[in-house]
Amino acid sequence: MMFETFITLGIKVTGTVTKSDYDQLQPVVKKLVQAQGDIRLLLDLTGFQGENLDALKKDLTLGQDLSGKVEKIAIVGDAKWEKWTTKLMDSFFAKDAEFFKSADMDYAWTWLRQ
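For reference, each letter of the sequence shown is one residue, going 917 to 1030 in this note's numbering.
In short, the hints are calculated from the structure, not lab data.
Built from N, CA and C at the ideal position, the CB exists for glycine as well.
Honestly, I wouldn't trust all of these hints.
Label-pair distances were calculated between CB atoms; the ranges are [stated by the list, open to error]:
| no. | residue 1 | residue 2 | range |
| --- | --- | --- | --- |
| 1 | Asp1022 | Ser936 | 27 to 35 angstroms |
| 2 | Ala1019 | Gly984 | 17 to 25 angstroms |
| 3 | Gln952 | Tyr1023 | 19 to 27 angstroms |
Cut-off 25 angstroms, straight-line C-alpha distance, at most; resulting in silico cross-link-like pairs (BS3-like, lysine-lysine) [as the list claims (entries may be wrong)]:
| no. | residue 1 | residue 2 |
| --- | --- | --- |
| 4 | Lys946 | Lys973 |
| 5 | Lys928 | Lys973 |
| 6 | Lys947 | Lys999 |
| 7 | Lys935 | Lys999 |
| 8 | Lys935 | Lys973 |
| 9 | Lys928 | Lys1017 |
| 10 | Lys1011 | Lys947 |
| 11 | Lys985 | Lys946 |
| 12 | Lys974 | Lys947 |
| 13 | Lys946 | Lys928 |
| 14 | Lys1003 | Lys985 |
| 15 | Lys1011 | Lys973 |
| 16 | Lys928 | Lys947 |
| 17 | Lys996 | Lys974 |
| 18 | Lys996 | Lys1011 |
| 19 | Lys946 | Lys996 |
| 20 | Lys1011 | Lys999 |
| 21 | Lys985 | Lys973 |
| 22 | Lys974 | Lys928 |
| 23 | Lys973 | Lys999 |
| 24 | Lys1011 | Lys946 |
| 25 | Lys999 | Lys974 |
| 26 | Lys947 | Lys935 |
| 27 | Lys1011 | Lys985 |
| 28 | Lys1003 | Lys974 |
| 29 | Lys928 | Lys999 |
| 30 | Lys996 | Lys947 |
| 31 | Lys985 | Lys999 |
| 32 | Lys974 | Lys985 |
| 33 | Lys928 | Lys1003 |
| 34 | Lys947 | Lys1017 |
| 35 | Lys1017 | Lys1003 |
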């Protein structure tokens, strides 16, 4: 019998994201990946209002650092662009990505744990 263990990390993104937010998040996520290997992420974007240019640069850097190291990612939100973003992540960032409406948060967590 074989057992696999995954770190599952949930991140709620609210307001406007700044470079400082990524400066705090990036080392935590990198440490998890170094300790565990592949991780699973849930990004709750229901309160997300955007990010400034410096934050976008850090976002892309973090995405590049994690490319291929994210086993699954669940994007939770209600905007059409979030669903589109999920398709991009499925192609370039994560091994498997799914979009869930905010009302389906429990399903998102269940999917990540499968």
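Results of checking the hints against the structure:
1. At roughly 31 angstroms, the beta-carbon separation of Asp1022 and Ser936 lies within the given 27 to 35 angstroms, and the hint holds.
2. For Ala1019 and Gly984, the hinted distance range of 17 to 25 angstroms is not satisfied, since their beta carbons lie about 31 angstroms from each other.
3. Hint check: Gln952 to Tyr1023, Cβ distance near 24 angstroms, so the stated range 19 to 27 angstroms holds.
4. For the suggested pair Lys946 and Lys973, the alpha carbons sit about 17 angstroms apart, so the restraint of at most 25 angstroms is met.
5. Taken as a hint, the Lys928 and Lys973 pair is honoured in the structure, with Cα atoms around 20 angstroms apart against an allowance of 25 angstroms.
6. Using a Cα cut-off of 25 angstroms, the hinted pair Lys947 and Lys999 is violated, with the two alpha carbons roughly 28 angstroms apart.
7. Between Lys935 and Lys999 the alpha-carbon distance is near 24 angstroms, which keeps this suggested pair within the 25 angstroms criterion.
8. Annotation: proposed proximity of Lys935 to Lys973 holds, straight-line Cα distance about 8 angstroms (limit 25 angstroms).
9. Taking the CA atoms of Lys928 and Lys1017, the gap is near 14 angstroms; set against the 25 angstroms cutoff, the hint holds.
10. A C-alpha spacing of about 20 angstroms is found between Lys1011 and Lys947, which places the hinted pair at or below 25 angstroms, so the restraint holds.
11. A hinted pair counts as satisfied when its Cα atoms are at most 25 angstroms apart, and Lys985 with Lys946 qualifies at roughly 10 angstroms.
12. About 17 angstroms separates the Cα atoms of Lys974 and Lys947, which keeps this hinted pair within 25 angstroms; it holds.
13. Only pairs whose Cα atoms come within 25 angstroms are accepted, and Lys946 paired with Lys928 is accepted, the gap being roughly 18 angstroms.
14. Only pairs whose Cα atoms come within 25 angstroms are accepted, and Lys1003 paired with Lys985 is accepted, the gap being roughly 17 angstroms.
15. Taking the CA atoms of Lys1011 and Lys973, the gap is near 22 angstroms; set against the 25 angstroms cutoff, the hint holds.
16. This hinted pair checks out: Lys928 and Lys947 have alpha carbons roughly 19 angstroms apart, not beyond 25 angstroms.
17. Under the criterion of a C-alpha separation no larger than 25 angstroms, the hint pairing Lys996 with Lys974 is consistent with the structure, at around 23 angstroms.
18. In summary, the hint linking Lys996 to Lys1011 is supported, as the alpha carbons are separated by about 22 angstroms, within the 25 angstroms threshold.
19. Restraint check for Lys946 and Lys996: not satisfied, since their Cα atoms lie roughly 29 angstroms apart, outside the 25 angstroms limit.
20. For the hint linking Lys1011 to Lys999, the alpha-carbon distance of about 16 angstroms falls within 25 angstroms, and the restraint holds.
21. Only pairs whose Cα atoms come within 25 angstroms are accepted, and Lys985 paired with Lys973 is accepted, the gap being roughly 19 angstroms.
22. With a CA separation close to 17 angstroms, the supplied pair Lys974 and Lys928 stays within the 25 angstroms bound.
23. Restraint check for Lys973 and Lys999: satisfied, since their Cα atoms lie roughly 21 angstroms apart, inside the 25 angstroms limit.
24. For the hint pairing Lys1011 with Lys946, the CA-to-CA distance comes to about 17 angstroms; that is within 25 angstroms, so the pair holds.
25. Pair hint Lys999 plus Lys974 holds up; C-alpha atoms about 21 angstroms apart against a cutoff of 25 angstroms.
26. Between Lys947 and Lys935 the CA atoms are separated by roughly 19 angstroms; this keeps the pair inside 25 angstroms, and the hint holds.
27. A hinted pair counts as satisfied when its Cα atoms are at most 25 angstroms apart, and Lys1011 with Lys985 qualifies at roughly 8 angstroms.
28. For the given pair, Lys1003 sits about 20 angstroms from Lys974 by alpha-carbon distance, which is consistent with the 25 angstroms threshold.
29. A hinted pair counts as satisfied when its Cα atoms are at most 25 angstroms apart, and Lys928 with Lys999 qualifies at roughly 16 angstroms.
30. This hinted pair does not check out: Lys996 and Lys947 have alpha carbons roughly 32 angstroms apart, beyond 25 angstroms.
31. With a C-alpha separation of about 21 angstroms, the suggested pairing of Lys985 with Lys999 holds against the 25 angstroms cut-off.
32. The suggested pairing of Lys974 with Lys985 holds, with an alpha-carbon distance near 17 angstroms, which does not exceed 25 angstroms.
33. Among the hinted pairs, Lys928 with Lys1003 is consistent with the structure: their alpha-carbon atoms are about 20 angstroms apart, no more than 25 angstroms.
34. In summary, the hint linking Lys947 to Lys1017 is not supported, as the alpha carbons are separated by about 29 angstroms, beyond the 25 angstroms threshold.
35. Under the criterion of a C-alpha separation no larger than 25 angstroms, the hint pairing Lys1017 with Lys1003 is consistent with the structure, at around 15 angstroms.
In this structure, the hints that do not hold are numbers 2, 6, 19, 30 and 34, in rising order.
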